[in-house]
Amino acid sequence: MVSVKTKSALIAEISSLVGAVGDKFDTDEVDAERDYLAAHCPPRLERTVRELPTLGLHLLAELADGPISVVGLAARAGQLKGTVSKHVQRLVDAGLVTRSPVPGNRKELQLTPTADGKRLIEVHQRMHDEMDAGRHDFLSRYTVAELSVLEKMLQDLLATSRDGVRLVPAGLGSPPAPERGAPSAREQT
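Using the UniProt record's numbering, the letters of the sequence shown correspond one by one to residues 1 to 189.
It is possible that some hints are incorrect.
As the list claims (entries may be wrong) - Taking lysine-lysine and the DSS-like style, the derived pairs with C-alpha atoms no more than 30 Å apart in a straight line are:
| # | residue 1 | residue 2 |
| --- | --- | --- |
| 1 | Lys118 | Lys107 |
| 2 | Lys81 | Lys118 |
| 3 | Lys24 | Lys5 |
| 4 | Lys107 | Lys7 |
| 5 | Lys107 | Lys81 |
| 6 | Lys118 | Lys5 |
| 7 | Lys107 | Lys24 |
| 8 | Lys24 | Lys7 |
| 9 | Lys118 | Lys86 |
| 10 | Lys118 | Lys152 |
To be clear, the hints were calculated from the coordinates, so they are not data collected in a lab.
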C-alpha cells in the first residue's frame, strides 16, 4: 500500500531535510575541501592551505586569468576593496601572490600569482572540477521532470526574501501570519 503524505506533512519533512542537509555540508564540506587541497599540494603549502580563509583561496583562483589590480579583483569577485586588500596581503605574506607596478601607471599595482600560487590555483580548480563531477553524478539518477521541479524550487528560494524569520516569495508582500495551530491557506491546498 502506498502512503500518501499531506501537503503539510511534506512541507514539514522538506523543512527538516533542508536544515539537515545544510548542517551536514556546513560541517563536513570545509574540512573535506581543506583536506583535498592539502593532499594535492606540496607539503610546504599544507599549513597555508589550512590557515588561509576560503575567500582568500577564491580570490587567488581569480588570478588564474592573469594579472589584475586590487580594484579589478574586488570588482570581479563582488567584494569590497578593503576586504580584498586584507586578503591580498595574506596571500602576499604566504608567498602566493606578488605585487608589481602596472606598466605606465605609477600608482596602481597588479597582482600576479607566484609559482606556489599557480600550483594552488591548479589544485583548487581540480577540486572544484571534482566537486562538479560528483554533483553531476549524484543528480544524474533523477528524471528530467524531477530535476525541473528541483530547479524551480531552488530558483524560487534564491528569489525569496525574509520578513523577520518568515520566507516571503518574490513579488509578494508580507503574508499574514496564520493563527497558531491553524493551517495556512497554502497548507490546505
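- Where does the structure disagree with the numbered hints, that is, which hint numbers, in rising order? 4, 6, 7 and 10
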